[in-house]
Amino acid sequence: MSENLSEEQVKEALESGYAQSETLLNDKDELDDFLYRLEQKIKEMPLVGKKFTMIPVMISLVKNYVQGKYTTVPYGTILAVLSALIYFLAPIDIFPDFIPLAGYLDDMAVLGLCMNMVKTDIENFDKWRQTQGLI
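Count the sequence shown with my numbering and you get residues 1 to 135, in order.
No lab work stands behind these hints, which were simulated from the structure alone.
Remember, it's a predicted structure, so these values are computed and weren't measured experimentally.
Worth double-checking, as some hints may not be accurate.
[Said to hold, decoys possible] Label-pair distances were calculated between CB atoms; the ranges are:
| hint | residue 1 | residue 2 | range |
| --- | --- | --- | --- |
| 1 | E15 | T120 | 15 to 23 Å |
| 2 | E12 | G133 | 37 to 45 Å |
| 3 | Q9 | Q130 | 16 to 24 Å |
| 4 | R129 | Y18 | 19 to 27 Å |
| 5 | G68 | Q9 | 16 to 24 Å |
| 6 | T72 | Y18 | 17 to 25 Å |
| 7 | S16 | Q132 | 32 to 40 Å |
Glycine included, each C-beta is placed from N, C-alpha and C at the ideal position.
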């Protein structure tokens, strides 16, 4: 973590989105709207670093889970991924996104922590996508 952002802050940021993640998972229209806004945000920004390039994979995981196409993933993984995506989309967080460069440091940290937590599940999902001809 950076000297201005502790690992504890990053964990708290990720965990703070779990309740909202569950709410989204229980409301398909809200979830669809959220994922649409997320896709629009990543189209408008330069994807820098491996953490940001994984966002489309994370979106795909959530979509396939909700659609019942890929359900061999722990529910906790879906909550963590969705929570990280919620944090990423939020314009005001530890470092607001309108602050050049610094605004994305906390987003990268939260996404990075999430990716480390669910790495095996993401890898398994990628293998599944390959067998389905989705990538």
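Q | List of violated hint numbers, smallest to largest | A | 3 and 5
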